[in-house]
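A.B. asks: Listed below, chain by chain, are the residues.
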Amino acid sequence: MTRWGMVVHLQKCVGCYSCVISCKQEHYLPPEVFWNRILISETGKYPTVMKQMYPVLCGHCKEPACVKACPTGATSQREDGIVMVNYDECVGCRYCLIACPYQQRTYYADGNREYFPGQGLTELEKIGKELYPLQPGTVVKCNFCLERVDEGIKQGLRPGVDREATPACVIACPAKARYFGDLEEPQSEICQLIKERRAFQLHPEFGTDPSVFYIV
Amino acid sequence: MKPYEWMVKFTPQTEWIEQRGLLVWLAEVSGGLGGGLYLVSLYLDSLWGMFVSWSIVVALKGGFHLAYLGKPLRFWRMVLKPQNSWMSRGLIIVFLFIGFGALQLITSYLFPGTAWELLFKGLAGITAFGTAMYPGFAMNYVNGIPFWNSALLPILFIVYGILDGFGIVIAIALSGGDVNIAAAEVGSRIFLIISAIILGIYLWSATYVGQAGKYSVKELLRGSVAPVLWLGVVLCGIAIPIVIVISSSFVGGMSAPLLIGGIMCDMIGGLSLKYCLLKGGIYAPLIPSTTY
Numbered sequence: 001m002t003r004w005g006m007v008v009h010l011q012k013c014v015g016c017y018s019c020v021i022s023c024k025q026e027h028y029l030p031p032e033v034f035w036n037r038i039l040i041s042e043t044g045k046y047p048t049v050m051k052q053m054y055p056v057l058c059g060h061c062k063e064p065a066c067v068k069a070c071p072t073g074a075t076s077q078r079e080d081g082i083v084m085v086n087y088d089e090c091v092g093c094r095y096c097l098i099a100c101p102y103q104q105r106t107y108y109a110d111g112n113r114e115y116f117p118g119q120g121l122t123e124l125e126k127i128g129k130e131l132y133p134l135q136p137g138t139v140v141k142c143n144f145c146l147e148r149v150d151e152g153i154k155q156g157l158r159p160g161v162d163r164e165a166t167p168a169c170v171i172a173c174p175a176k177a178r179y180f181g182d183l184e185e186p187q188s189e190i191c192q193l194i195k196e197r198r199a200f201q202l203h204p205e206f207g208t209d210p211s212v213f214y215i216v
Numbered sequence: 001m002k003p004y005e006w007m008v009k010f011t012p013q014t015e016w017i018e019q020r021g022l023l024v025w026l027a028e029v030s031g032g033l034g035g036g037l038y039l040v041s042l043y044l045d046s047l048w049g050m051f052v053s054w055s056i057v058v059a060l061k062g063g064f065h066l067a068y069l070g071k072p073l074r075f076w077r078m079v080l081k082p083q084n085s086w087m088s089r090g091l092i093i094v095f096l097f098i099g100f101g102a103l104q105l106i107t108s109y110l111f112p113g114t115a116w117e118l119l120f121k122g123l124a125g126i127t128a129f130g131t132a133m134y135p136g137f138a139m140n141y142v143n144g145i146p147f148w149n150s151a152l153l154p155i156l157f158i159v160y161g162i163l164d165g166f167g168i169v170i171a172i173a174l175s176g177g178d179v180n181i182a183a184a185e186v187g188s189r190i191f192l193i194i195s196a197i198i199l200g201i202y203l204w205s206a207t208y209v210g211q212a213g214k215y216s217v218k219e220l221l222r223g224s225v226a227p228v229l230w231l232g233v234v235l236c237g238i239a240i241p242i243v244i245v246i247s248s249s250f251v252g253g254m255s256a257p258l259l260i261g262g263i264m265c266d267m268i269g270g271l272s273l274k275y276c277l278l279k280g281g282i283y284a285p286l287i288p289s290t291t292y
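Residue numbers (our numbering), protein chains in the order written: chain A, 1 to 216; chain B, 1 to 292.
No lab work stands behind these hints: they were computed from the structure. Please read all numbers here as calculations on a predicted model, not as lab measurements.
Pair ranges (Cβ atoms, derived): (1) A/133 x B/260: 51 to 57 angstroms; (2) B/3 x A/79: 29 to 35 angstroms; (3) A/154 x B/19: 38 to 44 angstroms.
Positions of the beta carbon are idealized from the N, C-alpha and C atoms, including for glycine.
Starting from the given sequences, assemble the full structure and let the hints guide the process.
C.D. replies: Structure below.
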């Protein structure tokens, strides 16, 4: 059984936002909707101040709180662990959004928002509305680029190894800080990294067992 | 808030209390009020009270929830996952209450004293209890908000629902309804004390569920929500009604204006409490304090 996962190397991340932008491009995400974020925090006091950059995205948890919260079944988990939203079934109650302890879901409220207010939709936005029609009034989230993964597998490619079958944020990262692969395959690169580099998950105490790991 | 600041510090939930989220607050208040009022009306055998509570749940709770949904026409889908979701269970309970409540009102009006009336009263009473209580379970499920992870939350919802129910029942009595006002006053006093005690224990215990829980309580006691807690919940919801109760016991009865004042304060207390509970929902920062 496959379980897709990701490892993020925190010391390699330079905070360039390539992942954020590539994700937006890949899914034609409207303004104010982020499926990938880079969180920046400063800790300590002068002169020992430390700046931390954390790329975060949906953890596609093994025990997803959002799936259990969803009253309609619009949020579901595939056999390969990817948690996805069926926009045709979502009622927009936002219980999943509240239930996600990582707050990686966004309510897509306004379908008419433009990147350049008052100047109409750009060509890219128009194309996006046709190719990737998100429904206003529903909740949206990262889907681990399941279109790329599925299409790649159909073509006999290996997600995490072949570019065409790997999530956009992973291939866009210029510092190669992100790794994608099968968590159930002990020989995969991400399994090796998790084992050797003592990877950790964010807030394991929530018991959701996210598929996104971090190493330093 | 900039995108890179998201969840870096303690982050309050906004979806269920700000902008359109205020509809959730109103729905929770009306659900508690409707369910609580039905239970009180059953206890006092007030058909008017039952009718008002049923109307509140149908029109207000149902209306506010529907208005909040992003896709209201698909609301029927929300009953599809009762095995997982508290939202689904809650909606089913509310639908059952509406159905059993309607049957009970019809049988009480047309065939009073029959076994059918008794049966539907029982079924509607059970579902009214669920209607008032389920938001507590739905919020309690949210792992990311420690302030809500308390077994006392559903109890707090039902106790405040019944307290508000007593307030409305007294109002019905003052308008000439079929209610024993003395019994309603006694019940109101008892539930006023119980709710104050449970609220105190709830806030105190929330400080022991991690940093985020402590932060929530701090925000409620001293932060931006503090005026609502102190003026709405404590002063209007607890202190003034207690003063009214104590003074009336010395005088030997309550005047109608004083009762109406008490009811108003009671309602403000209920509204403020739900507001504070929703506003107090705060997520812990995503980023560990130091990693590398």
